[in-house]
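Using the sequences plus the hints, can you model the full thing?
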Amino acid sequence: MASSLNPADHGWRKHLPVINAFVRYGLLILVGFLMIYPLLWMIGGAFKNNAEIFSSVGFIPKSPTTDGFINGWKTSTEYTFATYLLNTMKIVVPKVIVTVISSVIVAYGFARFAIPGRKWLFALLMATVLLPKSVLLIPQYLMFREFGWLDTYLPLYAPQAFATEGFFVFMIIQFMRSLPLDMEEAAVMDGCNSFQVLTLIVCPVILPAIISVALFQFMWSMNDFLQPLIYLSSVEKYPVALALKMSIDVTEATSWNEILAMSTIALAPSLILFFLAQKYFVEGVTSGAVKG
Amino acid sequence: MYSNKWIGSLYITPFVIGFLLFTAFPFIASFVLSLTDARLQDQLGAANFVGLSNYTEMAADSTFRQSLGVTFAYVFITVPLKLAFALFIAVVLNFKLKGIGLFRTAFYLPSILGGSVAIAVVWRFVFAGDGLLNQALAGIGIGGVNWLGEPTTAMFSIVLLRLWQFGSAMVVFLAGLKAIPEDLYEAADLDGASRLKQFFMITLPLLTPVLFFNFIMQIVQAFQEFNGPYIITAGGPLKSSYLLPLMIYEEAFKYFNLGYSSALSWVLFIIIAVFTAVAFWSQKHWVFYAQDRDDKGGH
Amino acid sequence: MSVDSVRLTDVRKTFNGHEVIKGVSLEVKKGELVVFVGPSGCGKSTLLRLIAGLETPTSGQIDIAGRDVTYAHPSKRGVAMVFQSYALYPHMTVFDNIAFALKIQGLPKAEIEHKVNAAAETLQLTHLLKRRPKALSGGQRQRVAIGRAIVREPDVFLFDEPLSNLDAALRGQMRVEIARLHTKLNATSVYVTHDQVEAMTLADKIVVLNAGRIEQVGSPLDLYRKPANLFVAGFIGSPRMNTIKARVREVSPDAVGLDLPQTLLSVPRVGAQVAAGANVTFGVRPENLQLAAADEEAHLSGYVILIERLGGETFAYVTLKDSEGEPLIMKLDGEAALYNHQEVRLKIDLNRAHLFAEDGQAIGVSPDFSDKTDESVHV
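Chains as they are written, first to last, in our numbering: chain X, 1 to 292; chain U, 1 to 299; chain A, 1 to 379.
No wet-lab data here; the hints were simulated from the structure. Since no wrong hints were added, every one of them can be taken at face value.
Over 12 Å on every C-beta distance to chain X, these chain U residues come out as not near it, computed from the model:
1. V50
2. R65
3. M155
4. K284
Dumping the calculated DSSO-like pairs for lysine-lysine here, alpha-carbon to alpha-carbon at most 27 Å:
5. K134/A - K279/X
6. K254/U - K245/X
7. K115/A - K134/A
8. K96/U - K279/X
Taking beta-carbon pairs under 8 Å as the criterion, some of the chain A residues facing chain X (in silico):
9. A52
10. L54
11. P74
12. A80
13. P90
14. H91
15. Q105
On a predicted model such as this, the values are computed, not experimentally measured, just so you know. We put the CB at the ideal spot given by N, CA and C, even for glycine.
Here it is in structure tokens:
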């Protein structure tokens, strides 16, 4: 800052923080607007009539109507959208539960025990994070076909019961490693066996990490499309993702507002959860990268 | 009790079983399948061993070459742009100002929702002939572009969807930026380093571990993109957005060529493996870990 | 024959091929407070963890209350531990923290409540029972950690540097509290610290550890008066003992004559076993060095190079003439008249002096202390 010794500089330098803040805010508002606008337009469009969607860039409907929701909810199939939402939950809820339980148990084993070959097993765990899922797709399909699991939800969450999502296991391992050991040692001295240490001490303490894992798995499973696409064939078992894809194939040309309305509903659970719990997402996504 | 290896092994048993059953076995099986002419509708016993002919067939398959080219283009465009943009916005956000949390939320949201079918559907409508983008362009006097109907613009639309999801990379960068001690900048100020110099001499080197993490994650994810392109463009027009994962899916579940599809998936696996291996190998040359800060101080 | 509360027999522990406890044998009597001291890395914490059962010895045997517990589960040894970081469970109230071990044991609810309340009473925690650890001060957390230990009524209490996380003022206060509690409960305790003041004030018996071995075991004053070797001499006492290299000139039944660079000294000794001509180390504590008056005979002379005035006392650093050795430290009265670069003549209280052989072992004892035989054990 040697140049600030020059008195002539003082005039504008004094305003530098203000200019700086102004430029930053301006940029952030512009980018933020472009980021969020497609979502606003979706929600607004859900309340417009079709003619208006095609004719206006604004997102606030001029004559709001719930036709999109009413007709969209009926869907072009014999089931209402409620069926698809319920189906999604039938997949997502068990998937989240088994992911959390298996990931916590395996992470505990990795983080706290001297296991023979731990280094190699951990390397394998990390390799599963980087392994493209499509290389496993066909054999898994054939395997589940042999099991007689086609057109059931089992292929969508049975693997997750075995800690197959390395990313989540890694997240929890990182979190456990950052905990001081002596709390668990105190519990051992108080008479806990290792499983009691896990359930009574470790789990309550790493609850934020557990919530992060649950939320991420929830979001990713809500978004999942390829797996249901392959495994589910009866429309009555479709989750929202497949139902939406089906409805654009059928009605896209005519009823945009219905599709936008159903898209809005499809995103609503994720949106609400995100706003309620965004700090857990931030913690989750950064725990692997920064602490590690 | 913490040294009891058998109890510890018990805890990781689910992983070992899951790894063998759902990862290792399918992984090897997929390679074995890639050496056969297995078809989806037939019993596996009916498949014949065909050696490497699925792989040699690829060399002559113009669809594969097209798909490979498109995939590389997609990855090479989206990954650097996304990382650069994420880093840029993170630096802008890394400032003590009111409402920063709000912006962070707004920027992060798309990367949480972006992989969903609902967003892909919205994207289709944004880029449709009478969609949002064309309406907006009409407002400033630009005539209707057939976004999803032209090869270049179709690619552009799916690239944009990926860039729109820069938030998760940004949040990681932001956490990395916040972890850089303030006193380094204060010391640099006293040494008379300009802001730009400080960015390149302090911020960037200390951010390389985070950059490395983001780079690996983005490469791996970009090579596997499926939902957006499948729903928005279905790989078209003229296979201009026909990414390899789309081709793998269609070969297996539309054309029932399990052998060929498995071979394609192995090619995808090898490409990703090479990229990650090169990245990990190269990291000692450019990734700067805080632990060996003293050793590398002389650079 | 009285049963020792804790008995270690040739205990060894190896981590990754590196032996950190190199054969330790030790007895702790019932009701005794034994303090392990030593520099960091000396193995004192490992030894405590071996007694606790958090580590298992590579070889040797550990008995507690007459029972071999070498491989017993930590909770089945009759020990309770207070951790350095307190290790309170953050998601439980103070009550639940203290009650946790009893709940795991499956005691009836009424009994748990009774015991927790009694412990809380003893430690003046009753009004805090509903709080979480986060809402407590450092001293209060410390008391909860102790409460968690006493509620289990163990045969032996283990303390792992329990005061090192507190600030200086609170540390003094908690030290007194622990001493009082020990008297009140009359429980056997093993206490690890690196702070020799804690060791001197709390211990019935101090165990000085160095590099995985016991250097000396004895009462605090025993160690101070009759350090068995140079290591203990240097470790116990602050500022540390001054040492000067010397050579033995002559040996008589009650004294050892020394050749020092500046002077000849006759050091009164009882039981000295050393031959003339041997190289030895002469030791004298800072408080046993005095300034000689002008008309007084002096032993050494040198220059003051640094004066530290602490108010109540003054430390003066003196380099000896014609010497390149470490400066000597003197402990003087707070008001001692002294200035930098002053030439001074020093008088040594030879009845309080120490003598060590080349291998570091003490040579005899001063006649002042020879009759004061506490239960000092030389290892």
